[in-house]
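*Asks:* Dock chain B against chain A, hints included.
Number of protein chains: 2
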Amino acid sequence: MAAQPSAKKQRTHPQYELLYHPGIPGRGEFVRLAFEAAGVAYTDTANEVKDGYSTVQQICMNKGTESADGNPPVFSPPALRVPGAGKDGKSALVIAQTPNILFYLGEKLGLVPEDDEPGRYHVQQVALTALDLNNEVHDTHHPIAVMKYYEDQKDEALKKSQDVRENRLPKFFSYFEKTLKFNEKASGGQGKYLVGDKLTYADTTVWQVLDGCMFAFPKEMETRKEEFSDLLVSFYDNIKQESGLKQYLTSKRRLPYSMGVFRHYPELDRQ
Amino acid sequence: MAAQPSAKKQRTHPQYELLYHPGIPGRGEFVRLAFEAAGVAYTDTANEVKDGYSTVQQICMNKGTESADGNPPVFSPPALRVPGAGKDGKSALVIAQTPNILFYLGEKLGLVPEDDEPGRYHVQQVALTALDLNNEVHDTHHPIAVMKYYEDQKDEALKKSQDVRENRLPKFFSYFEKTLKFNEKASGGQGKYLVGDKLTYADTTVWQVLDGCMFAFPKEMETRKEEFSDLLVSFYDNIKQESGLKQYLTSKRRLPYSMGVFRHYPELDRQ
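Taken in order, these protein sequences are the chains called A and B.
Using full-length UniProt numbering, the letters of the first sequence correspond one by one to residues 1 to 271.
Using full-length UniProt numbering, the letters of the second sequence correspond one by one to residues 1 to 271.
Heads up, none of these hints are tricks.
One copy or two, it doesn't matter: identical chains are merged, so the pair holds either way.
Straight-line Cα separation of at most 30 Å, DSSO-like style, residue types lysine-lysine; simulated pairs: (1) 246 to 225; (2) 198 to 87; (3) 90 to 198; (4) 171 to 159; (5) 192 to 90; (6) 219 to 148; (7) 181 to 171; (8) 198 to 108; (9) 185 to 87; (10) 90 to 108; (11) 181 to 87; (12) 63 to 198; (13) 185 to 90; (14) 240 to 219; (15) 87 to 192; (16) 171 to 148; (17) 63 to 185; (18) 219 to 63; (19) 63 to 192; (20) 171 to 154; (21) 246 to 185; (22) 159 to 148; (23) 87 to 108; (24) 219 to 252.
Please keep in mind that the hints were generated in silico from the structure rather than gathered at the bench.
Chain A on its own, in the form it takes in the complex (with noise of 0.2 Å):
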C-alpha cells in the first residue's frame, strides 16, 4: 500500500490497483504520480504483492478473450483494477492504456479543474502530448524493433536520437511553455501549472517525461534549460515541490530508471 489519504481528501476511495511490470517506472509511473500527487491510497500490485506479478500477468498477459471480473482483454499493461466498479455494479472494472487510466482518475482524485469539461479535455489534450513524446524518447533506442537488443539497432539509434533531441524535443517542448504562458495568469505564477489555479495530471505526466529526459539525455537537458526556462527550471521544480510529490521522489516508492522507456546510452546524448 502507497500513500495514505491526506486529510484534506476525505472522500472514500476504492482500494485501487495498479497492474504493471515489477522494478522499473515506465509508464506506470504516470499513474503513480496521480496516486500520490492526490494522497489516494493504491496498490502497485507487482511491487508490492507477494506473487503480484503473477497476477499482472494473469490479467493483462494472458492469452484468453477476457483480462479479468468479466472486461475485455488487455493489450499490455498497464492496468488499473477498481473493485465495485464493473459493470454489474460489483465485480471490478479493469482498463488498461495509460491515457485512458489518467481521465478516468482524473476527476475523482482531484486533478483536473473542478466542475469544468473543457478543463477536463485540456488537461488530457496535454497529457496525451507529453505521452506521445514519451513514445519517441522509447524510439530513440528501439527505433527498429522493440523486441530486438538495443546493439542491434544502435546505429539506427544514434540517428533517430540525434531528430528528437535536435527537432522534437524543441517542439514538444515550446508546445509546453506556450501552455505554461497561456496558464500564467489563471496558475497564478510563472511556470506554475499547465492547466487552471492547481496541479493536474497534465502537470504530473509531462513532469514526468521531462525528468526521464534528464535522465536519458542529461546534456542535451542542460544545453536547454536556458532557452525553455519557464518548463525545465520553473515549471520542473514547481512541481517536485508539490506536497504528495515532493514526499514520494524521496521515498522507496520512487523506482530508478534503468532499462525501460528512459535509458541513459551516453552515445545517444549530446555529444
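*Replies:* Structure of chain B alone, referenced to chain A:
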C-alpha cells in the same frame, strides 16, 4: 457540410468543425468516421470552406500562446472546434489530440454504450490501441525522422516495416480478435462489434487502421486474412456496411490515401 442528421438522431448538435490538413484522410479520418457513422453534420474546414486551411493554420499551427476563443495552444492538427461549448458557455471550445476528440464526441454522438461508464472506457481503450498501431504503421516509412524524405531513410524503413508486418500486426490483430470474441455474445454475432451491441468509435477507429493497412500492405494483409478472419473478413466487412459509413465510403468526401500515414511502397510490403 457533410452528413445530414438522420431521422433517428433528433438531438440538437452544435455545428462541429473538424480542423485538419486538406486533401488527406490522416488522423482527421478517425473524427470524420465518427461523425459520418453517427449521421451528425460537421464542417471539414480545410476541405469545405473557402480559405479554410488558413483558419486551421491560424488555430492549430500559430506561434502564439492561444489557439482561438480563449483556448490553450494546439500541438498539431486534428483539432475540434465546438461553437458555444467554451469555458464561459458562449465562446467556442477547441480541443486537440485524436483520442481526446473521440472521447469528447463519443457520448454526444451516441458512439459509446449508453449509461455505461465501464463501456465508455473500454471503447477508449480499444481506440487508443488502434491509434498506437496507426503510429507504428506511420513509422514504417519514417522510422528515423518525420521531417526527412522517405528516400533518405529507406534502409531503416525496410527493417522497420518488416518488424511491424511480422511481429506488431499479428500482436495487435490478435488483441482485436480477442476483443471481438469477448464481445461476441453481447454484440449478437461473430466479428460484429468490439464493444457492446451497437457501433462505437472503437469499431470505426480499428476499421480505419485495418483499411489503411490494406492500402499500405496489400500482400501482407491478404496473407493474414485466413489467420485473422473474424477481424479482417467478418468485422471489416460488417463495419463497412453500417448505415452512415456505407454511404460515406463511396462518397467524394472519403479522401483517397496518398502520402499521409498510410502509404503504399511495394518494397515495404511482404515480398
